[in-house]
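Enquirer: When you get a sec, could you build the whole thing from the sequences and use the hints?
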Amino acid sequence: MPILTNRWIIFTIISANLYYILYTILYMDLNACSRRTNYTLRDGATINETYDSKRKDSGFNKQENCVEVSTNNGNLIKLFKEIQKAKIHVRGSKTRDAINNAMSIITDLLKNKQMNDHNLKRKTKPSKYICEEIYQLDRGFKTQKCSYSTSLDKLLTVIMILKPEEILNFQFTVKSLFNVNKHIKIIIGKLNNISMSALERNSNIFFVNYTKSDSEGTIWNLLIQNVKTEYTLIAREVTSFNIDARLERLVREIESLDVVIAGGASRDQNGIWKLGCYQTTYANYSLVYHEGYDESMHECIFCDYISGPFISKTNALKKFNFDTTMNNISVFHDFFLRISQTKLESVVCPDSMFYVQKQEQPVGSIGWTLFNNKWQLFRLTIADEVDIIVECENHKRVPSK
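Residue numbering for the sequence shown follows my numbering, starting at 3 and increasing by one per position.
Note that these hints are calculated values from the structure, not bench results. A couple of the hints might just be wrong.
[As the list claims (entries may be wrong)] Okay, derived cross-link-like pairs now, EDC-like style, lysine to aspartate or glutamate, Cα gap no bigger than 20 Å in a straight line:
hint, residue 1, residue 2
1, K276, E239
2, K123, D110
3, K125, E257
4, K156, E134
5, K276, E301
6, K321, E232
7, K187, E202
8, K125, E297
9, K345, E257
10, K184, D155
11, K123, E257
12, K214, E167
13, K123, E301
14, K345, D260
15, K123, D296
16, K360, E239
All values reported here derive from a predicted model rather than from experimental measurement.
Expert: Laid out in structure tokens, this is it:
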């Protein structure tokens, strides 16, 4: 039986919700029309001359009518949002056309009911810790003062893996981070036979030893276990930090947009800028990544997979754990696929940028093999970067006659 994708499962659930809501709306419309034949209530009571002429309509009944009309309007709003979600997630052209037509119809219905447009938009909320910012033309974005401002080093811990080939440049990377925030806490994973005496004297740096046999998934989990702040920056392949990272903005948007992860764009050692936002389609033993986005808010874009560094709620990292059998890029593909399947959301804010070492994983690597086996994939396509077809092996030979 074909494996349903994250996106296909979402579409199926949305379709079921649409049928239920439509049925409910039609029923409520009939019910409301029936009850509207009551006389206008004065002094608390009138006679109901609809389906039950013996029933007296008191002030309580009038309140019930108002609740029913309110429920009806609420169901219309739910219907609008469900269709809107379907429109965002679906990729088939005919289905998209049908949903666009449905959107047009439901929009007209809402206009006729003089519904407030504010109720139809994705809900946001103010940040609890980071002050709002305003755009000041040539001065760019400037953070305003507020009473609830919390220092970033009390909210965020940075975790990094030190690889043997990166030792020479690693001290520069750490120093650049302290130039952004001198009090921020850093947890570094290093091989147990490597000494970093210059960094070990810094009280804001904590080292966690790993062995050559440990997978990257295992190492990331070891680092996360030691995080005590509400947010964690997964500084994967970062070579240097500066104010372009805009870490406060990423924390603010996690809170405001009610997502679990916020990442930034990246720029590699060759000066190539990358947005790093992908949408996934997982169906029929295939997983396809499309580079780009379908939805945005606050100048951040919603993504199924983020290819660069990102900030996450620490409790989400501890709950979903990295797969301990995987290495390199595939460990993050597995993590984000599990995140998106639980309907949790991630964003990339392109005005936040990290400087990184370009990460590559050869098509024939064991990492992709493990990933494909776990998700039972016969085809893996990541934009124009990776295209893997897994050939079926017939272990049962047909006996010759």
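Enquirer: Now tell me, hint by hint, if it's right for this structure.
Expert: Against the structure, the hints come out as follows:
1. As the CA atoms of K276 and E239 are separated by approximately 14 Å, the hinted pair is consistent with the 20 Å bound.
2. Under the criterion of a C-alpha separation no larger than 20 Å, the hint pairing K123 with D110 is consistent with the structure, at around 16 Å.
3. A threshold of 20 Å between alpha carbons decides the hint, and for K125 with E257 the separation of about 12 Å falls inside it, so the pair holds.
4. Restraint check for K156 and E134: the C-alpha separation of about 18 Å stays at or below 20 Å, so the hint holds.
5. For the hint pairing K276 with E301, the CA-to-CA distance comes to about 16 Å; that is within 20 Å, so the pair holds.
6. Taken as a hint, the K321 and E232 pair is honoured in the structure, with Cα atoms around 13 Å apart against an allowance of 20 Å.
7. The hinted pair formed by K187 and E202 meets the criterion: a straight-line CA distance of about 13 Å does not exceed 20 Å.
8. At roughly 14 Å between alpha-carbon atoms, K125 and E297 fall within 20 Å of each other, so this suggested pair holds.
9. Proposed proximity of K345 and E257 is supported: the alpha carbons are some 17 Å apart, at most 20 Å.
10. At roughly 9 Å between alpha-carbon atoms, K184 and D155 fall within 20 Å of each other, so this suggested pair holds.
11. Taking the CA atoms of K123 and E257, the gap is near 17 Å; set against the 20 Å cutoff, the hint holds.
12. Between the alpha carbons of K214 and E167 the distance comes to roughly 13 Å, so the proposed pair stays at or under 20 Å and holds.
13. For the given pair, K123 sits about 15 Å from E301 by alpha-carbon distance, which is consistent with the 20 Å threshold.
14. Note on K345 and D260: the hinted pairing holds, with a Cα-Cα distance of about 12 Å set against a maximum of 20 Å.
15. The suggested pairing of K123 with D296 holds, with an alpha-carbon distance near 15 Å, which does not exceed 20 Å.
16. This hinted pair checks out: K360 and E239 have alpha carbons roughly 7 Å apart, not beyond 20 Å.
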